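> In the order they appear, the protein sequences are chains D and H. Residue numbering for the first sequence follows the working numbering, beginning at 78 and increasing consecutively. Residue numbering for the second sequence follows the working numbering, beginning at 113 and increasing consecutively.
Keep in mind that the hints are not guaranteed to be accurate.
[What the hints assert, rightly or not] Some chain D residues flagged as far from chain H (calculated, every beta-carbon gap over 12 Å): (1) Ala-124; (2) Arg-125; (3) Gln-131; (4) Ala-144; (5) Pro-166; (6) Ala-184; (7) Ser-216; (8) Leu-228; (9) Leu-231; (10) Val-280; (11) Ile-295; (12) Leu-296; (13) Leu-299; (14) Pro-342; (15) Leu-385.
[Stated by the list, open to error] Label pairs and their in silico Cβ distance ranges: (16) D:Leu-384 - H:Ser-561: 20 to 26 Å; (17) D:Leu-306 - H:Phe-314: 30 to 36 Å; (18) H:Ser-742 - D:Leu-138: 25 to 31 Å; (19) D:Thr-323 - H:Ile-486: 32 to 38 Å.
Note that these hints are calculated values from the structure, not bench results. The structure presented is a predicted model; accordingly, all values stated were derived computationally and were not measured. Even for Gly, the Cβ is constructed at its ideal location relative to N, Cα and C.
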Amino acid sequence: MLRFILRRLGTLLITMLVLSILIFILSDVMPIEPALMILGRESTPEARAALTEQLGLNKPLPERYVAWISRFIQGDWGESYRMGVEVLPLVQRRFTNSLTLAMMAAAIIVPVSLLLGIIAGLNESRWPDRVISIGSLISISIPDFVVGLVLIVLFSWGLRILPGDSSLRGDTVNLMEHWQKLVLPAITASVVLIGYIARVTRVSMIEVMDSPYIRTAILKGLPQRTVILRHALRNALIAPVAVVTTQLAWLVGGLIVIERLFNYPGIGSLFADAALRNDLPMIQASAMIAITLVVLSQGLADVIYALLNPRIRFG
Amino acid sequence: MTVLDIRHLNVSYVSSRGIAQAVRDLSLTIQPSETYGLVGESGCGKSTVALAIMRYLPRRTRLDGQILFQDADIATAPPAVLGQLRGNRIAMVYQDPQSSLNPVLTIEKQLVEVITAHEGATGEDARRRVIEMLEQVRMPDPAYVLQRYPHQLSGGMQQRVVIAMALLLRPDLVVMDEPTTGLDVTIEAGVLDLLNDLRREFKMAILFISHNLGVIARICDRVGVMYAGELIEEAPVRQLFDRPHHPYTTGLLRCVPQAVSRHTSGALYSIPGRVPPLTALPRGCTFAARCAFAEPGCTQGAPQLESVAAGHAARCFRWRTVIEQPAAAPVPQPPSTPAKSGTSNRQALLTVSNLKVYFTQLMGLLGLARSRRIRVIDDVSFSLEPQRTLGIVGESGCGKSTIAGAVAGLKPVTSGRIDFGDSDFTRPIARRSRAALRQMQMVFQNSDSSLNPRHTVEKTLRRPLRCFNIVPRGHERAHIIGLLKAVNLDETYLDRRPRQLSGGEKQRVAIARAFAGEPQLILCDEPISSLDVSVQAAVLNLLQQLQRERRVALMFIAHDLNVVRYLSDEVAVIYLGKICEIGPAEAIFQPPYHPYTEALVSAIPAIHAGAQPHAIRLEGSVPSPANPPSGCRFHTRCPRKIGSVCEQQEPLGQDVGDDHIIYCHIPLSELRALQTQTEAQHTQ
Ligand SMILES: Nc1ncnc2c1ncn2[C@@H]1O[C@H](COP(=O)(O)OP(=O)(O)OP(=O)(O)O)[C@@H](O)[C@H]1O
Ligand code: SF4
Ligand code: SF4
Ligand SMILES: [Mg+2]
Numbered sequence: 078m079l080r081f082i083l084r085r086l087g088t089l090l091i092t093m094l095v096l097s098i099l100i101f102i103l104s105d106v107m108p109i110e111p112a113l114m115i116l117g118r119e120s121t122p123e124a125r126a127a128l129t130e131q132l133g134l135n136k137p138l139p140e141r142y143v144a145w146i147s148r149f150i151q152g153d154w155g156e157s158y159r160m161g162v163e164v165l166p167l168v169q170r171r172f173t174n175s176l177t178l179a180m181m182a183a184a185i186i187v188p189v190s191l192l193l194g195i196i197a198g199l200n201e202s203r204w205p206d207r208v209i210s211i212g213s214l215i216s217i218s219i220p221d222f223v224v225g226l227v228l229i230v231l232f233s234w235g236l237r238i239l240p241g242d243s244s245l246r247g248d249t250v251n252l253m254e255h256w257q258k259l260v261l262p263a264i265t266a267s268v269v270l271i272g273y274i275a276r277v278t279r280v281s282m283i284e285v286m287d288s289p290y291i292r293t294a295i296l297k298g299l300p301q302r303t304v305i306l307r308h309a310l311r312n313a314l315i316a317p318v319a320v321v322t323t324q325l326a327w328l329v330g331g332l333i334v335i336e337r338l339f340n341y342p343g344i345g346s347l348f349a350d351a352a353l354r355n356d357l358p359m360i361q362a363s364a365m366i367a368i369t370l371v372v373l374s375q376g377l378a379d380v381i382y383a384l385l386n387p388r389i390r391f392g
Numbered sequence: 113m114t115v116l117d118i119r120h121l122n123v124s125y126v127s128s129r130g131i132a133q134a135v136r137d138l139s140l141t142i143q144p145s146e147t148y149g150l151v152g153e154s155g156c157g158k159s160t161v162a163l164a165i166m167r168y169l170p171r172r173t174r175l176d177g178q179i180l181f182q183d184a185d186i187a188t189a190p191p192a193v194l195g196q197l198r199g200n201r202i203a204m205v206y207q208d209p210q211s212s213l214n215p216v217l218t219i220e221k222q223l224v225e226v227i228t229a230h231e232g233a234t235g236e237d238a239r240r241r242v243i244e245m246l247e248q249v250r251m252p253d254p255a256y257v258l259q260r261y262p263h264q265l266s267g268g269m270q271q272r273v274v275i276a277m278a279l280l281l282r283p284d285l286v287v288m289d290e291p292t293t294g295l296d297v298t299i300e301a302g303v304l305d306l307l308n309d310l311r312r313e314f315k316m317a318i319l320f321i322s323h324n325l326g327v328i329a330r331i332c333d334r335v336g337v338m339y340a341g342e343l344i345e346e347a348p349v350r351q352l353f354d355r356p357h358h359p360y361t362t363g364l365l366r367c368v369p370q371a372v373s374r375h376t377s378g379a380l381y382s383i384p385g386r387v388p389p390l391t392a393l394p395r396g397c398t399f400a401a402r403c404a405f406a407e408p409g410c411t412q413g414a415p416q417l418e419s420v421a422a423g424h425a426a427r428c429f430r431w432r433t434v435i436e437q438p439a440a441a442p443v444p445q446p447p448s449t450p451a452k453s454g455t456s457n458r459q460a461l462l463t464v465s466n467l468k469v470y471f472t473q474l475m476g477l478l479g480l481a482r483s484r485r486i487r488v489i490d491d492v493s494f495s496l497e498p499q500r501t502l503g504i505v506g507e508s509g510c511g512k513s514t515i516a517g518a519v520a521g522l523k524p525v526t527s528g529r530i531d532f533g534d535s536d537f538t539r540p541i542a543r544r545s546r547a548a549l550r551q552m553q554m555v556f557q558n559s560d561s562s563l564n565p566r567h568t569v570e571k572t573l574r575r576p577l578r579c580f581n582i583v584p585r586g587h588e589r590a591h592i593i594g595l596l597k598a599v600n601l602d603e604t605y606l607d608r609r610p611r612q613l614s615g616g617e618k619q620r621v622a623i624a625r626a627f628a629g630e631p632q633l634i635l636c637d638e639p640i641s642s643l644d645v646s647v648q649a650a651v652l653n654l655l656q657q658l659q660r661e662r663r664v665a666l667m668f669i670a671h672d673l674n675v676v677r678y679l680s681d682e683v684a685v686i687y688l689g690k691i692c693e694i695g696p697a698e699a700i701f702q703p704p705y706h707p708y709t710e711a712l713v714s715a716i717p718a719i720h721a722g723a724q725p726h727a728i729r730l731e732g733s734v735p736s737p738a739n740p741p742s743g744c745r746f747h748t749r750c751p752r753k754i755g756s757v758c759e760q761q762e763p764l765g766q767d768v769g770d771d772h773i774i775y776c777h778i779p780l781s782e783l784r785a786l787q788t789q790t791e792a793q794h795t796q
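Produce the entire structure from the sequences given, and follow the hints as far as they go.
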């Protein structure tokens, strides 16, 4: 198993390296002139040339890539063109915020969706399945800002039990202190994924319950509890777990709308701004964060998948 | 005391397409220590009977009648009673052991839990009993096997695990549904031997379901034949096979190619038509539409199961006539293929020389670290003359399909040459000329994956016509209908799509497509293995008829030796990528054999007791071609191995005469002596 993980880690590192080269090349061909961006339109061409020189931007591409990536790895992520602050600490703060929100959402999504999916799958085409299937279909088709608005109207304006504005003073989230502020955005973020994952789980559960090895288990005379808990569950979870882990990466990225809606200082809103304002270091940082997240969660998915599935582990 | 007593069982599946009466008014009994066989074509309701006995049926199924087992009526027993019986007093063994075992649990967990569930024993005690049982099913190294997951065991071992699981608590009745179907003949023979021993040791009753009459003959005491949900004949096994009273049984028996060649026996018998839809059964005798003995009265009233002799019953009005008329003697055919030419005057159509197909498997990080070569085909040579048939046999994993793949240009050739007519066919399909491509067509085992599910039959057949410009556009349709006629389908099939066809019909369309391009050679890779015997016979007849009319050569790959023997002029026996024996078909199936051929021949389940070949059994399964044994590749399993020379030196070919070559270190005279001796012992 350790070898499996190490091998996976190796593959992950190489993937990330390749992607980082891609990102660098892409950001290089973007029509952005950093010196102009930093010095403004009134600056003289000479001053801009000097700054370009100083930033090392006229060196050949491979050289600049090496310089950039080594600084990046050492934690020097440059300065935002637009905000004039260090990128790294800002990103770190915002990232923690988003991650906290995502974790909270995940804590809702995973148990709820798996449970619903399993219940539906075990009761195929009986009423619990019908209710859950229709519910999840609805939850998938409603855009998340609509869900958010409804929740705000309901709980914040109507019942007045939860805040609709989740902005934080000083940009740092403290779970203990601010949990009320996280509830509504977390639920909003969960709704779509719960529907989606519940559906995957349901199908997977139905397939497994229909499989010859479940027939074997039942015809061995095992109690139903054992058949489900020991024989069906682990097989049925293989597919949804793969989905869950890949979707969680998407969740962090997908928070942009929700963070905007609730005024929550997460990384999504930060990057949205950066992209709109051609803030190159910020864009690079955001892209790197995004791929790291995707690649890491893919790796995590692989490991969990292998843990559940001996066919992968023992080849 | 009767173990199982089924009385007037009816099972119907309810679905949107209607009510399928899968089992109708079926009564049968099984005595202690008796093995009762159930045969019939696919869809006749055999598995439904098995599942009814286990009371494992889909929710919307109607079940009535009685299934008396000990004190209980399974048909009405509450879940608690069922839970106590299943796995404990009644156990089941299924087809396809791989999918019947849970992929994520170790063998130990899956076996021990049976004891835990029924007797509460756990830990060392249960484990000891499990190991004992694995030993009884002749499992090598049980302690090791316990720690494995199902996918880490071979097919034969998996089936032994499933059998051990069924026998753990010494049940009174074991229901086996096609327990050896899908296994290689050699493995099948081993499992059948085991079952034969176990049923004596354990004195249990067995309900044994199979569509293979040879398997039934080898293991059962009494047999019931099912047709369209009904039991149509029941008799002690020998009596059923020697004196069948129902036309369906007679037909089934005659469909099976016996150990003969087509040159002596003529076309195979095949039952026309097929099982009627169970949602709309005809009035009267359900077999009437396919029955050669039918008369108007047969469709008026339904025949009842009638006693025709002691312990022998048949459901036919006219059984007296049926037994009077001996099965019509087969019509010997004019030899369909030209006799083999003298060595020089005819040019071979296909020549394969020193063919090697190696695959490279990448291992380690992104495949950078290591790679290993897998020698799937290692130095194989043979040739095939126009209009003749070459059969290729061997266990699965021996490389049969890879040879066909290489000849067809679908698998890259590592070295060696393939010549087809005047063209060099060593290169892959993309680089062969269109004219050359037209000359060679393929028929695969699984026509499901080779026919495009979205294309109608007409479109499927039109493509090769267009592609190779066989007929002018205006005449295509007529030509396609002609092709369909040739494979015994009519124009109503033109607009059907694959999912609207039965297995046999799909295979016929695939054959029609292969013949559409008017090729000189057709490669058939297990074209009939997934079909029922009656359909198999029809497809085999069709192939030889078309071969005769359209003058093509066939390369025919199959694992069923009788089928290969029946159809082939020459046979090549392949083991782990090498030819062990090659020569004229008649010569291959007589001593002297290569020891591997001998084992294959002896594994064939034969219908008639007299024809039971002597028992040579192979242990284990084919080793991995990534790491083939040294010397003679067969030495790890060879029952006749003579010593270290087999491990060290690759045997050279010994010429038996008539282009019959055996690759073995044992001198021919000695082989012949050994093998005639064993055969004599076993026929005594
Ligand atoms: N769950 C089901 N719903 C509807 N029809 C079914 C169902 N299972 C089987 N059938 C139908 O019942 C009939 C009998 O099927 P069954 O599986 O018992 O045949 P079988 O004799 O075991 O065939 P085979 O040799 O192919 O295993 C077939 O026509 C089949 O299509
Ligand atoms: S009853 Fe008539 S149709 Fe049916 S099997 Fe007998 S002879 Fe044939
Ligand atoms: S060479 Fe030896 S091992 Fe190989 S088949 Fe002959 S006797 Fe058996
Ligand atoms: Mg069946």
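> Of the numbered hints stated previously, which ones are contradicted by the structure, given in increasing order?
Those not satisfied are hints 11, 12, 13, 15, 16, 18.
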